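J.: Sequence:
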Amino acid sequence: MAFTDSKVKNLKPEKKRRIVWEDGGTCLGLRITPSGKKSFIYMYRYEKRPRMLTLGQYPALTLANARINLAKSKALLVNGTDPGTVHLQTKVEHRGAPTVAQLAAEYINKRSEKNKAWQEEHRILEKDVIPNLKDKRAKDLKRRDVILLLDKIDERGAPIMANRTLGVLHRMFNFGIRRAIVESNPCSIIERYGNENERDRVLSSEEIKQFWIGIDECQMAEGTKLALKFLLVCLQRKSEVAQAEWDEFDLHSGWWTIPKQKSKNNFAHRVYITSLAKGLLMEIKKHSADSPYLFPSPHGKGTKPITSRSISQALLKNLKTINTEPFRPHDLRRTASTTMTANGISREIVSKIVNHSESGVTRIYDRYSYDKEKKNAMNKWDRILKKIISSDTGKVVEISR
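Counting from 1 along the sequence shown, just add 84 to a position and that's the residue number in my numbering.
None of these hints come from the bench; they were simulated from the model.
These numbers were taken from a predicted model, which means no experiment stands behind them.
Worth double-checking, as some hints may not be accurate.
[What the hints assert, rightly or not] Each computed PhoX-like pair below joins lysine-lysine, with the alpha-carbon atoms no more than 20 Å apart: (1) K100 <-> K194; (2) K348 <-> K322; (3) K322 <-> K158; (4) K194 <-> K96; (5) K96 <-> K121.
[Said to hold, decoys possible] Pair ranges (Cβ atoms, derived): (6) M85 <-> P118: 13 to 23 Å; (7) R207 <-> S359: 47 to 57 Å; (8) G386 <-> T169: 58 to 68 Å; (9) N193 <-> R133: 43 to 53 Å; (10) D229 <-> G338: 31 to 41 Å; (11) P143 <-> G108: 15 to 25 Å; (12) R207 <-> N163: 18 to 28 Å.
Positions of the beta carbon are idealized from the N, C-alpha and C atoms, including for glycine.
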């Protein structure tokens, strides 16, 4: 009989295992066990001996794909290669090939050694990627698999998270290529979901004052309140503040040194400690107890810091109490930078203070520390901020250097 989808489907099992061969000399057969299990097989001769190769189990392997596998096996045989040996080698390689979950574990393990963003990436992988793709072989993951996962995230009303997940997967598979785990990246040329416009939220002087006073009335941990204030005072990144440790601070010289492993551009960064910052540090110390971290997590008994995400969530839940237009923790950093430049501090020095990345040539040849300029600028920002939070109107006037 000539195989068709309906004929293969309707073939019934018997008391003993049997093989039904397709007519026409195709050498394609269907093995049927008493339990009803069906498998496509290929009968051939190699080195003058009969061989039988199982092409795959039906219906996981369709008739059409069985014919494709049959053609590939015959091509190998024509070229003098035993298709059974190739099939066995492929099976062994596949059995030892890392799954998506294993690739993710290796990626996060290496990522955590030198990149501070690994915690958020780990959260994204654990939330959506691992539950849906964990058992798939990383090398077998198709672009379609990724698209279906991202569609699922988008359909729950989270297009930005779909973009974040795509970014993490893209970096993870590039890592896999560099580590010879996979040969290609299934995330290439996938379009992003929704537009992520560059944020431009800057708090007005009145809003800065409302934030500074209102944050004390919010329902959040005292350490988180102080962390948010510290963001505004010091202009550093949320992750750098969240992970700050006491041994990074030298109150005698007046500098906070962020180590390169915590810095976004992988360079150590010095932040001048203003009088407002010193006052906050005294308050922070009261709440950090004996922890090495300024802002210890309430869940780690002081052995680990709070997360950047917890700071954002706490602020989001308390925006009504602060009584301003919505803003995020990062907007405090932008607000401080904008207010500084509006009051005569050069963009170059503000850029040095916030530790923005520079071009390779500038970074290589400009080794000047800018400590004097950063100190002067931060002291000016200190005076500006004190004036804002202590004034009746919150109005800022020009303050000379």
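J.: Hints first: check each against the structure and report whether it holds.
T.: Status of the hints after comparison with the structure:
Distance hint between K100 and K194 is unfulfilled; the C-alpha atoms sit about 54 Å from each other, more than 20 Å. As the CA atoms of K348 and K322 are separated by approximately 11 Å, the hinted pair is consistent with the 20 Å bound. Only pairs whose Cα atoms come within 20 Å are accepted, and K322 paired with K158 is rejected, the gap being roughly 61 Å. Note on K194 and K96: the hinted pairing is violated, with a Cα-Cα distance of about 53 Å set against a maximum of 20 Å.
Under the criterion of a C-alpha separation no larger than 20 Å, the hint pairing K96 with K121 is consistent with the structure, at around 10 Å. The hinted window of 13 to 23 Å between M85 and P118 holds, with their beta carbons roughly 21 Å apart. A beta carbon spacing of about 37 Å between R207 and S359 contradicts the range 47 to 57 Å that was offered as a hint. For G386 paired with T169, a C-beta distance near 59 Å keeps the hint of 58 to 68 Å intact.
Hint check: N193 to R133, Cβ distance near 48 Å, so the stated range 43 to 53 Å holds. At roughly 53 Å, the beta-carbon separation of D229 and G338 lies outside the given 31 to 41 Å, and the hint is violated. The given range of 15 to 25 Å is respected by P143 and G108, whose C-beta atoms sit roughly 23 Å from each other. A hinted range of 18 to 28 Å is violated for the C-beta pair R207 and N163, which are about 49 Å apart.
Taken one by one, the earlier hints fail for this structure at numbers 1, 3, 4, 7, 10, 12, listed in ascending order.
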